[in-house]
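Going down the list, the sequences are from chains A and B.
Reading the first sequence from the start, the letters are residues 1 to 489 in UniProt numbering.
Reading the second sequence from the start, the letters are residues 1 to 847 in UniProt numbering.
No lab work stands behind these hints, which were simulated from the structure alone.
One or more of the hints may lead you astray.
Said to hold, decoys possible - With a straight-line cut-off of 25 Å between C-alpha atoms, the simulated DSS-like cross-links for lysine-lysine are:
{"#": "1", "chain 1": "B", "residue 1": "Lys160", "chain 2": "B", "residue 2": "Lys75"}
{"#": "2", "chain 1": "B", "residue 1": "Lys75", "chain 2": "A", "residue 2": "Lys367"}
{"#": "3", "chain 1": "B", "residue 1": "Lys325", "chain 2": "A", "residue 2": "Lys370"}
{"#": "4", "chain 1": "A", "residue 1": "Lys370", "chain 2": "A", "residue 2": "Lys356"}
{"#": "5", "chain 1": "A", "residue 1": "Lys228", "chain 2": "A", "residue 2": "Lys212"}
{"#": "6", "chain 1": "A", "residue 1": "Lys367", "chain 2": "B", "residue 2": "Lys7"}
{"#": "7", "chain 1": "B", "residue 1": "Lys38", "chain 2": "B", "residue 2": "Lys7"}
{"#": "8", "chain 1": "A", "residue 1": "Lys356", "chain 2": "A", "residue 2": "Lys318"}
{"#": "9", "chain 1": "A", "residue 1": "Lys109", "chain 2": "A", "residue 2": "Lys212"}
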Amino acid sequence: MFLTIGTTGTAEDPATDLGFLLHKHPGKAQAFSTSHGTAHVLYPEADAERCTAALLLEIDPVALVRRGKGKGRGGAPDAALAQYVNDRPYAASSLLAVALSHVFSSAMKGVCTARPELAAAPRPLRIEVPVLPARGGPALVRALFEPLGWEVTAEPVALDAEFPEWGDSRYVRLVLETDTLTVAAALRHLYVLLPVLDDAKHYWVSPDEVDKLLRAGEGWLGGHPEQKLITSRYLARRWSLTREAMERLELVRLAESDDSEVESIDNAVGAETETEERPTPLAQQRRDAILAALRESGAARVLDLGCGQGQLVQALLKDPAFTEIVGIDVSMRALTIASRRLRLDRMGERVASRVKLVQGSLAYTDKRLKGYDAAVLSEVIEHLDLPRLPALEYAVFGAARPRTVVVTTPNVEYNVRWESLPAGHVRHGDHRFEWTREEFRAWARTVAERHGYGVEFRPVGPDDPEVGPPTQMAVFSTQTVNEKEAKAA
Amino acid sequence: MTETPSKGRVLPVTDLSLVVLVGASGSGKSTFARRHFKPTEVVSSDFCRGLVSDDENDQSASKDAFDVLHYIAGKRLAAGRRTVVDATSVQQDSRRQLIELAREHDVLPIAIVLDVPEDVCVARNAAREDRADLPRRVVQRHIRELRRSLRQLEREGFRKVHVLRGAEEVEHATVVTERRFNDLTHLTGPFDIIGDIHGCSAELEALLGKLGYADGTHPDGRTAVFVGDLVDRGPDSPGVLRRVMAMVQSGDALCVPGNHENKYGRHLRGRQVQHTHGLAETIAQMEGESEEFRAEVREFIDKLVSHYVLDGGRLVVCHAGLPEKYHGRTSGRVRSHALYGETTGETDEFGLPVRYPWAEDYRGRAAVVYGHTPVPEASWLNNTICLDTGAVFGGKLTALRWPERELVDVPAEQVWYEPARPLRSEAPGGHDGRPLDLADVHGRRVVETRHAGRVAVREENAAAALEVMSRFAVDPRLLPYLPPTMAPTATSTVEGYLEHPAEAFAQYARDGVARVVCEEKHMGSRAVALVCRDAEAARARFGTDGPTGSLYTRTGRPFFDDADTTEAVLGRLRDAIGAAGLWEELDTDWLLLDAELLPWSLKASGLLRSQYAAVGAASGAVFPGALAALEGAAARGIDVEALLGRQRERAADAAAFTDAYRRYCWTTDGLDGVRLAPFQILAVRGRSLAALPHDEQLALLDRMVERDPTGLLRTTRRQYVDTGDPESVRAGVEWWLELTGEGGEGMVVKPLGALVRDAEGRLVQPGVKCRGREYLRIIYGPEYTRPEQLTRLRGRSLGHKRSLALREYALGLEALDRLAEGEPLWRVHEAVFAVLALESEPVDPRL
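Start from the sequences, fold in the hints, and give me the full structure.
Okay, here's the thing in structure tokens:
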């Protein structure tokens with residue numbers, strides 16, 4: 001990992017003053033020991049017109065892995081460090097930021113005892129970071145640096161020239177130029193923004209990071225238009241990192257043994273929903289519709305099959321008419337989040353006795369699910385491969401046989417009404433299919449007939465005259481059949 | 001000394017029963033129990049009082065003591081162990097609880113009453129230090145209550161009551177253990193189990209003839225077993241009864257009762273029954289028979305035993321099916337289930353009761369053969385099979401040969417009786433996407449394997465496997481196997497190498513393996529292919545509707561997102577198998593292949609982009625600038641020589657890394673560019689090929705590859721090495737150097753005999769991998785060949801990986817054996833699921 005800081009000058013205002021500003025003599029190569037390797041400072045060019053300092057951090061990747069493993073509770077916080085092959089020795093990440101603050105600590109503070117006026121004055125500066133990992137790409141790089149007075153050149157680096165179809169990597173070659181900033185300000189920008197762009201930190205984020213951020217951001221972070229993004233990324237989601245290390249390891253290993261990325265299998269919980277709870281109106285409407293259907297059925301003991309993060313369980317708990325609520329999900333991660341959301345550990349005994357969260361799978365029959373009044377399958381079936389759907393049908397309608405079953409699923413016809421959804425795309429990366437109203441009804445009627453249920457359909461959300469509602473709901477009931485028979489007889 | 005026949009009473013006691021001793025304090029119950037039963041069979045209330053209160057005579061602890069007693073007795077009975085309760089049991093209420101307990105576990109309650117005079121009891125109590133001050137009135141009360149109880153014991157539900165009067169009779173009595181009537185485990189057959197006949201005597205005679213019986217006797221001494229429903233509906237119930245009764249009489253047959261005999265039996269005993277469901281026909285036909293014959297029939301039916309446990313417990317025969325917990329048990333509800341089965345309480349659209357699908361839940365090791373529910377075809381489900389193929393409804397009469405498990409049938413001569421509803425294969429045990437049960441896989445489990453004993457799966461690993469299996473895997477019916485992980489060879493000390501084949505050859509030599517095969521390791525993604533000859537073969541064997549097989553990864557995920565591509569690959573494989581003549585040669589209509597699918601970039605493209613190519617891109621972009629800066633500084637006379645040298649080496653290592661992964665990537669379009677390299681045929685119909693020597697395996701596979709005109713299949717290069725011959729070992733090393741020098745991933749060294757044990761009888765590693773020096777950069781990082789890194793990496797520990805590899809191998813073998821032997825799906829899936837769970841155990845992923 002490597003970057004250069006250069007300046008230009010004249011005989012009166014020589015570029016080599018950079019040496020004073022950085023507290024590093026241009027005529028020497030110096031080495032500093034840091035926690036992950038050796039940082040070298042040297043000057044490839046140094047005369048009155050042009051002076052460039054290079055910071056080169058020699059990282060030991062094996063030591064990095066070992067360090068990462070030993071830290072925290074069972075694993076490195078940074079997913080990249082858990083891999084034995086990683087880009088840390090080459091890319092400019094938080095390791096480089098730390099080295100920067102270590103090697104140029106006085107310069108960063110703007111201290112220059114010998115020539116105080118130098119430190120306070122802006123200089124023409126050119127900073128080059130050849131490999132900057134940038135989540136958000138060149139556009140975000142510009143959005144972060146330009147408001148600070150930098151002229152930004154950010155070019156994406158191709159993944160592999162031999163395989164142009166693979167596209168660009170997440171790295172950009174960054175060149176920053178300015179005439180209006182001091183060296184100290186430039187260093188502080190880099191110190192904060194390198195890890196922000198990388199969106200990963202190699203050390204555990206502790207509470208004192210807030211102080212560090214406030215110190216380094218003094219004078220520029222407060223007015224930055226991307227302040228919120230910078231803050232939240234810099235202070236990486238502390239608990240989510242801990243959680244990752246604690247709970248996903250088994251899945252990480254399964255992904256590894258299959259040569260796939262862990263994200264491709266540990267995706268039961270959407271990344272965008274885990275940071276902040278912002279219930280979309282549709283999700284709320286869906287819950288209301290489900291609650292209404294359950295109340296009509298008179299159900300007291302309810303299964304939430306595929307309860308995910310437990311939003312519906314939470315809503316059910318608020319109504320004492322539901323005396324027993326069981327949330328079932330196949331993802332342990334989802335269950336942990338649900339348990340945290342419900343504050344199960346702090347709940348009063350009386351309320352806690354009404355709710356239970358357990359791991360289960362609808363690909364198998366499960367004796368524990370027998371004998372309930374109602375079951376909800378909200379936005380669940382579309383996460384199954386179609387050939388596996390009959391297994392779920394039998395597990396729910398054939399084996400568990402609750403009196404009432406409420407099923408909701410997206411109506412694919414409505415997708416044209418989502419402005420943000422590109423044509424032909426499904427609403428969620430893990431949706432294996434999305435059905436039209438016709439397809440959903442045909443399926444529901446077949447299932448109902450095969451297993452002796454009656455079924456009726458209801459719209460959820462605005463019922464568009466042309467394409468129908470965004471969510472479709474089917475309410476299956478064994479009573480309906482009996483009532484019909486009673487009427488017939 | 002020879003034993004003289006005792007002059008005392010002989011008390012028969014059933015081998016599985018709850019024996020209740022009834023007698024006053026001091027009547028000698030404990031002594032009696034000690035003398036006639038095993039110490040562990042006896043549970044005494046005094047002992048339980050001691051357990052909960054430290055005082056065997058503390059009457060205030062009685063309630064808790066009896067809770068404990070009932071709990072212990074319940075556990076023993078559930079496990080099928082005779083239990084003797086040593087408590088006074090003189091009160092009806094305490095006996096009632098014990099009778100309930102016996103019924104709950106479907107065993108016979110037996111009472112043995114010790115009616116001993118008051119004076120004797122009092123004298124005995126007085127002689128015991130701990131009971132010396134027991135008041136006489138207590139004994140008096142006991143005896144009063146006992147006397148009152150005597151006459152009602154049978155009415156209370158005791159199936160045998162032995163009353164011993166006086167100390168003398170108690171002293172001289174002997175207990176003999178009796179088998180249960182249903183326990184015929186000592187009979188090993190061979191058997192011919194025959195389905196529901198319903199008066200179809202012509203079909204019965206034809207079937208007996210086809211089975212080889214001549215006038216009711218088999219020349220090889222086989223025994224026929226009738227599953228009941230001999231009578232009703234058909235043309236000649238008397239003829240069927242005459243034949244079956246004669247065969248049972250002569251010892252050529254066994255027979256269990258069906259619900260139809262049962263009802264006819266009640267009619268014969270003069271009870272009021274409805275003459276429906278074909279009973280009227282039987283009554284009419286029997287009118288023409290003699291009174292004597294009707295009496296014989298009545299006696300025959302009366303004596304029928306609800307079900308039989310045969311062949312060492314491996315076979316259970318009954319009329320309507322029986323869950324495992326009822327096998328060999330004796331109670332009203334066992335008889336009722338055996339005769340009528342369990343219903344859900346609902347009725348179907350034809351007004352007939354809906355049967356509870358007990359066979360779906362069945363997880364027992366004994367095969368259950370039954371009838372009762374007419375189905376078009378007899379087929380196994382969870383080790384159960386229904387033989388009622390509706391002969392009387394114009395179907396056929398079916399028999400099962402045991403232990404051969406062959407089906408033999410004869411068609412009905414005509415429709416003798418119109419069925420109330422069409423014959424359906426759906427219940428019990430259709431193929432309608434019915435899933436496995438969570439209890440088969442969930443939580444901490446231990447899988448019994450025939451090659452390595454018990455293999456444990458931890459709860460958290462099962463939880464992870466459940467998620468992956470449920471959300472991503474192919475249908476479990478098409479997932480009969482997952483490949484085990486493989487350990488690398490022991491770490492090499494050869495300079496510049498972390499892995500080197502010399503260690504592999506040496507290890508196998510130490511394990512006593514003289515000859516090994518080195519197989520080229522294809523750098524792609526592991527793939528298992530289940531190829532059926534056609535969709536019909538897939539339906540018949542795997543019960544799926546549509547796909548002709550499956551192609552999946554090492555975690556059971558389908559290789560291709562769309563079914564058409566999978567079918568295209570299966571089609572090419574099928575053609576190659578057919579052209580090579582393997583269907584006939586291996587006598588099969590399906591084949592399970594272990595293979596590698598190439599290129600690596602096909603499936604691992606996400607990983608390549610996010611990790612490998614990213615590292616290549618970062619290093620490729622950083623070094624030119626860094627080296628230029630160092631060179632600039634050097635030109636200025638600054639001493640950076642050492643640093644520059646190191647950076648140049650690092651740049652070269654990074655470039656070598658990029659070259660390494662690039663070798664395993666190429667662009668594909670549809671199936672163009674896709675290659676499949678099969679290296680083992682795992683199983684075919686009826687047998688696992690896991691023990692077929694690798695040279696024979698490869699010869700079969702070579703023929704497939706040669707006959708594939710599409711270019712999909714790729715051969716596996718190989719070299720044979722004698723581990724004891726230095727020349728041969730040298731040639732093996734040379735071969736590896738050449739292979740990896742060309743950029744190959746490396747090789748796998750396997751014992752030629754495939755499934756091999758060492759001198760101590762332990763499984764030998766089925767293979768070890770020797771990965772190439774350049775390839776390992778992808779695993780250990782671009783710079784792993786630097787001496788200081790190699791030194792550090794040589795400290796890697798292989799023990800856990802090797803143990804994991806063997807455990808997964810044993811589970812894989814187990815899955816194949818269970819598959820080949822036609823065991824129920826849940827048994828195969830159990831082993832497959834365990835492999836996936838073990839894959840989530842913590843182990844260094846670079847190994």
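Comparing the hints with the structure gives:
Proposed proximity of B/Lys160 and B/Lys75 is supported: the alpha carbons are some 22 Å apart, at most 25 Å. Proximity of B/Lys75 to A/Lys367 is assessed by CA-CA distance (about 22 Å); at most 25 Å being required, the pair is judged to hold. Taking the CA atoms of B/Lys325 and A/Lys370, the gap is near 20 Å; set against the 25 Å cutoff, the hint holds. Proximity of A/Lys370 to A/Lys356 is assessed by CA-CA distance (about 15 Å); at most 25 Å being required, the pair is judged to hold.
Between A/Lys228 and A/Lys212 the alpha-carbon distance is near 16 Å, which keeps this suggested pair within the 25 Å criterion. The suggested pairing of A/Lys367 with B/Lys7 is violated, with an alpha-carbon distance near 56 Å, which exceeds 25 Å. Taken as a hint, the B/Lys38 and B/Lys7 pair is honoured in the structure, with Cα atoms around 23 Å apart against an allowance of 25 Å. Between A/Lys356 and A/Lys318 the CA atoms are separated by roughly 15 Å; this keeps the pair inside 25 Å, and the hint holds.
For a cut-off of 25 Å, the pair hint linking A/Lys109 to A/Lys212 stands: about 12 Å separates their Cα positions.
Hint compliance for this structure: hint 6 alone is broken.
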